[in-house]
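Participant: Letter by letter, the chains look like this.
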Amino acid sequence: MDPQLAPAVMDTAAEHDGPIETDAVIVGAGPVGLFQVFELGLLEIKAHVIDALPYPGGQPVELYPDKPIYDIPAIPVCTGQELTDSLLKQIAPFGATFHLGQEVTTVAQQDDGRFFVATSKGTRFLTKTLFIAAGVGAFQPRLLKVDGLERFDGTQVFYRVKNPADFAGKNLVIVGGGDSAIDWALNFAAEGPNKAESVILIHRRDGFKAAPANVAKMRERCEQLEMQLIVGQITGHEEKDGRLSGVKVTGSDAVTRLVPLNVLLVFFGLSPKLGPIADWGLEIERKQLVVDTEKFSTSVPGIFAVGDINTYPGKKKLILCGFHECALAAFGAMPIIFPDKKVFLQYTTTSPKLHKVLGVESPVFD
Amino acid sequence: MTHVVTESCIRCKYTDCVDVCPVDCFREGPNFLTIDPDECIDCAVCIPECPVSAIYAEEDLPKDQLHMTKLNADLAVLPGWKSITKRKEPLPDADDWKDRTGKLSELIR
Chain A
0 MDPQLAPAVM DTAAEHDGPI ETDAVIVGAG PVGLFQVFEL GLLEIKAHVI
50 DALPYPGGQP VELYPDKPIY DIPAIPVCTG QELTDSLLKQ IAPFGATFHL
100 GQEVTTVAQQ DDGRFFVATS KGTRFLTKTL FIAAGVGAFQ PRLLKVDGLE
150 RFDGTQVFYR VKNPADFAGK NLVIVGGGDS AIDWALNFAA EGPNKAESVI
200 LIHRRDGFKA APANVAKMRE RCEQLEMQLI VGQITGHEEK DGRLSGVKVT
250 GSDAVTRLVP LNVLLVFFGL SPKLGPIADW GLEIERKQLV VDTEKFSTSV
300 PGIFAVGDIN TYPGKKKLIL CGFHECALAA FGAMPIIFPD KKVFLQYTTT
350 SPKLHKVLGV ESPVFD
Chain B
0 MTHVVTESCI RCKYTDCVDV CPVDCFREGP NFLTIDPDEC IDCAVCIPEC
50 PVSAIYAEED LPKDQLHMTK LNADLAVLPG WKSITKRKEP LPDADDWKDR
100 TGKLSELIR
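Chains as they are written, first to last, in numbering that gives the first Met the number 0: chain A, 0 to 365; chain B, 0 to 108.
Hints in this document: simulated from the structure, not taken from any laboratory. Among the hints, a few may not be true.
[As the list claims (entries may be wrong)] Subject to a maximum C-alpha distance of 27 Å in a straight line, what follows is the list of computed DSSO-like cross-link-like pairs (lysine-lysine): (1) K85/B with K316/A; (2) K81/B with K272/A; (3) K272/A with K85/B.
Starting from the given sequences, assemble the full structure and let the hints guide the process.
Facilitator: Here it is, written out as structure tokens:
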């Protein structure tokens, strides 16, 4: 849960702490962003990783955590979650700092050549290099599209629950059919400090994507009249004295009913949006960042792009291609970060220096 | 950019595409499927699924189908056009219509 501080307090605190000064910032904690940590780490470059989601893993974890992936070299099969867990284990020696649940909003080059990077949570960096591994963009909640409803965003309409206590004792309408919708409906219908005055779940059909056990529990609670399920779609809303007073729900019987509420919680899943990357002055082609294939540099030296976000002749959006790009981008960043250092290609099998970096013992060969 | 369903889908609606979409961006009308451009992430997985090759990346659209980009976007927000995420039977006379061109007048909104 996020700390409950007034935005003004957070802003003031951020003003007084200077930005984090670093060699590398990685945007995106998907498989390619995580492996970028590894490749930079071998070159003794420490990285900060930013992701819009509150957990690492990117597309494979968000879109298909349980589906098998068959084309990771030397791993015949793994799920998106397993791939992420393995990568996190692999990069553990490099101690990257993760800044999750925040989106990069600003990238601006300073006079000294470094990049000023700021996030939606007010985290700020001054970095020598930036690695954009943002895939198809930042995952954001899908919106409920009803004309005029957006005026209540953040006051009576919410797409995430930061502090469940805010909704205790309220008349809640929860819309959606996935795990988030069902879990929160059960949570707020249950006895406890966060119990709502009433909980009505709305879903467009009488079938749910959520875990079957929880769907059964939800139906049980409905039978016990502790909550209610309405099958239908929200097609309009009603206001009273400038407040949202109810939503109009059109059922499969084509009848529209007014459902009164204090708070509307919408859980339609997440969808990626390219967002502000388009405004950073980088050359873009078909929503992708144009890079060279020597260093995977964008049109701005010092800003690299790896994985699904980049494009170059012959580009294939494959995780394994992204991994290759990470290695060359890391070497490409060396002259910017350590201009005086001579760079040698070394192997993790034989290099005592890399063993030290990895925190492993150098084997003794007889 | 987005992916776009072209006229080939009209009166066929094979729906193979909807099973593979990772972001559930297909919307179903009476005799056509459309892609919601706000949701599509250009992963291209649906293209080879369509038995009549009705789906294209926006910039690969054949010249005579360029109007479908706007039509997909317009149809996607019609209230009657609901999200479809599971494959179902094609329209009964789909096989009779699959090779026909110039079907735009057949589209039911």
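Participant: Report the numbers of all earlier hints that the structure fails to satisfy, in ascending order.
Facilitator: Per hint list: zero violations.
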